[in-house]
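Novice: Model the full assembly from the supplied sequences, consistent with the hints where possible.
Line by line, the protein sequences are chains B and C.
Counting from 1, one number per residue, gives the positions in the first sequence under our numbering.
Counting from 197, one number per residue, gives the positions in the second sequence under our numbering.
Quick caveat, the hints were computed from the structure, so don't treat them as lab data.
The C-beta atom is built at its ideal place from N, Cα and C for all residues, glycine as well.
A couple of the hints might just be wrong.
As the list claims (entries may be wrong) - To be clear about the criterion: a stretch of chain C counts as covered by chain B if any three or more of its residues have a C-beta under 8 Å from a C-beta of chain B, and this derived list gives those stretches: (1) 223-237; (2) 350-356; (3) 380-386.
Claimed, not checked - Covered by chain C, per the in silico footprint, the following chain B stretches (three or more residues, Cβ under 8 Å): (4) 72-81; (5) 176-184.
Stated by the list, open to error - Chain C is nowhere near these chain B residues, computed Cβ spacing over 10 Å in every case: (6) 37; (7) 57; (8) 61; (9) 98; (10) 136; (11) 166.
Spelled out, the chains give:
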Amino acid sequence: MKAPDTTVATVRMRDVDTQLVQRAQHGDREAFGLLAAELATRFLAVARRILRDLDLAEDATQQALVATWRNLPQLRDPAAFDAWSYRLLVHACYAEGKRARLWMPNLRVLPADEPEAPGEFDGILHRDELETAIRRLSVDHRTVLVLHHYADMPAERVAQVLEIPVGTVYSRLHHAMRAMRAALDAEARPAAEATG
Amino acid sequence: MSTDLDPRTRVVLSWLREDLHEDAERVLLRALDEVDATPQRRSWWPAWRTGSMNRNLTLAAGAVAVLVIAVVGWQLLPKADAGPSTGGQPSAAASPAPTPAPTPAATPVPTATPAASPSPSGPLSMTRGALEPGTYVTRPSARDAVQWQVTVPDGWSSGGSWFLVPTSLGLPDGPDGVAAAFLVNPAVFIDDCDFAGGTTTTSTVAELVAAIKAKDGWTVSNAEDASVGGFSGQRLDVQLPADEARCGVGTSAMVFGEPGTENGFFQQGPSQQLRVWILDANGTLVGLVRESYEGSPADRVAEAESILESSVITP
Numbered sequence: 001m002k003a004p005d006t007t008v009a010t011v012r013m014r015d016v017d018t019q020l021v022q023r024a025q026h027g028d029r030e031a032f033g034l035l036a037a038e039l040a041t042r043f044l045a046v047a048r049r050i051l052r053d054l055d056l057a058e059d060a061t062q063q064a065l066v067a068t069w070r071n072l073p074q075l076r077d078p079a080a081f082d083a084w085s086y087r088l089l090v091h092a093c094y095a096e097g098k099r100a101r102l103w104m105p106n107l108r109v110l111p112a113d114e115p116e117a118p119g120e121f122d123g124i125l126h127r128d129e130l131e132t133a134i135r136r137l138s139v140d141h142r143t144v145l146v147l148h149h150y151a152d153m154p155a156e157r158v159a160q161v162l163e164i165p166v167g168t169v170y171s172r173l174h175h176a177m178r179a180m181r182a183a184l185d186a187e188a189r190p191a192a193e194a195t196g
Numbered sequence: 197m198s199t200d201l202d203p204r205t206r207v208v209l210s211w212l213r214e215d216l217h218e219d220a221e222r223v224l225l226r227a228l229d230e231v232d233a234t235p236q237r238r239s240w241w242p243a244w245r246t247g248s249m250n251r252n253l254t255l256a257a258g259a260v261a262v263l264v265i266a267v268v269g270w271q272l273l274p275k276a277d278a279g280p281s282t283g284g285q286p287s288a289a290a291s292p293a294p295t296p297a298p299t300p301a302a303t304p305v306p307t308a309t310p311a312a313s314p315s316p317s318g319p320l321s322m323t324r325g326a327l328e329p330g331t332y333v334t335r336p337s338a339r340d341a342v343q344w345q346v347t348v349p350d351g352w353s354s355g356g357s358w359f360l361v362p363t364s365l366g367l368p369d370g371p372d373g374v375a376a377a378f379l380v381n382p383a384v385f386i387d388d389c390d391f392a393g394g395t396t397t398t399s400t401v402a403e404l405v406a407a408i409k410a411k412d413g414w415t416v417s418n419a420e421d422a423s424v425g426g427f428s429g430q431r432l433d434v435q436l437p438a439d440e441a442r443c444g445v446g447t448s449a450m451v452f453g454e455p456g457t458e459n460g461f462f463q464q465g466p467s468q469q470l471r472v473w474i475l476d477a478n479g480t481l482v483g484l485v486r487e488s489y490e491g492s493p494a495d496r497v498a499e500a501e502s503i504l505e506s507s508v509i510t511p
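Specialist: In structure tokens, the structure reads:
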């Protein structure tokens, strides 16, 4: 099922009200409450897609929101709040992932050559394969995939959030998408053989 | 998103963007409950930074803050007919108790004349705000009775009990800020980028010099013997890393701090330079710090150094 555009819009990087950020930096809990209400929805959505588990995602979101509050006075530039707060979320996802021993240590071996593109796919039919494939990705690859393709962050922004070179972002995106496509190919191959 | 993607890519993207109907309300309420019981990490910090406030706004806010303090102070002063004034110079015993931690909004560099009354015979009590040229005394640390007396030239302001800045430059941020500061028992952070990681524990000049020289990424000169205000120690120059964003976007690296107080330095701009005097004041470690940047006016940097060299320290 294709996601409605409004869903994506809720997690897009938006300009957070820097006045709210400044008030929260100065200890204004009411301002932080408003800020947190905006962050919580997108944090939870992103965390869930990285962690693939709602309970873990809720815990990571809670950790990230509290860390945001606690560390706000250290934020040098309120205009950088978005990238800074996403970094706290990603750290929380890593922590939750470790706690749950969820992560596969490395990207799995991929086929050397991708097969020819099959015909049209139906997303619903391939959900299990995609879920399995994304769980096999390392957290690094999953995070880049989600931030770029779900949270709609340009690669440069992802690099900023994760503090890695842009080239590394592109590399991870390439490998992650290749693995996801390969999962679809693996699923499609037996069907093609059966009908051929 | 382009529509001519590989069909498999389209499937992956469509799947990634599926609405999973998360309800964030529960986690938001849990987080806010925890926030209610969680203090912010602000216990040490000089509230120098004002985020994106522009300098005019900062100065205006400072002027208002000082005006309020001056009016309140005037109301609290004994009236002329209430009895004879005892006169005399301000003494340490008469200094007010340390005030609660200021918030950044309340700590701009003020521009108004301080409310402190001049004394004809001795140093003035240093009050936050623009200072007339003269000799001032302050107790910089909320945890220690050490007194710092300095001679201040024209055009300088006190940003608090422990640092001075040129009024025209305002807060000591890059690319051109200048400050002269006084720290009691200063310490360096074990990890510049980890506030919670703690500070080095040093109790002698040699130990603190060694801790500074051991910092990764700091360029530190050889320490030279130095003496200020009758106390001896060492002086060294520190060049902080050029990359002020090395701790991540929007996160300041931490430089020096005085444990248990708000006094301390962030890295506040690129190419930040510190000249540091570390002195042993009868067993109390004292740090005098001249802060500047590549763009700092040379005359103001020289004045900062003169201010520090005029220090009279009373442990």
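Novice: Work down the list of hints and note, for each, if the structure agrees.
Specialist: Quick rundown of the hints versus the structure:
Taking a C-beta to C-beta cut-off of 8 Å, the stretch 223-237 of chain C contributes 12 residues in contact with chain B, enough for the three needed, and the coverage statement holds. Given as covered by chain B, the stretch 350-356 of chain C fails the check, having 0 residues with a CB less than 8 Å from a CB of that chain where 3 are the minimum. For the stretch 380-386 of chain C, the proposed coverage by chain B is not satisfied: 0 residues have a C-beta within less than 8 Å of a C-beta in that chain, short of the threshold of three. Note: the stretch 72-81 of chain B has 10 residues with beta-carbon separation from chain C under 8 Å; the three-residue rule is met and the coverage holds.
A count of 4 residues in the stretch 176-184 of chain B with a Cβ less than 8 Å from any Cβ of chain C is obtained; the coverage claim is therefore met, three being the minimum. Taking the minimum C-beta to C-beta distance to chain C, about 6 Å, the non-interface status of residue 37 of chain B is violated against the 10 Å cut. Distance to chain C contradicts residue 57 of chain B as a non-interface residue, since its nearest Cβ pair spans about 8 Å, not more than 10 Å. Distance check on residue 61 of chain B: its Cβ comes as close as 5 Å (rounded) to a Cβ of chain C, failing to clear the 10 Å threshold; non-interface status is violated.
Annotated as non-interface, residue 98 of chain B keeps its C-beta farther than 10 Å from every C-beta of chain C; the closest such distance is 18 Å. For residue 136 of chain B, the non-interface assignment is confirmed: its Cβ lies about 14 Å from the closest Cβ of chain C, beyond the 10 Å cut-off. For residue 166 of chain B, the shortest C-beta to C-beta distance to chain C comes to about 14 Å, beyond the 10 Å cut-off, and the non-interface label holds.
When the structure is compared with the earlier hints, violations turn up for hints 2, 3, 6, 7, 8 and for no others.
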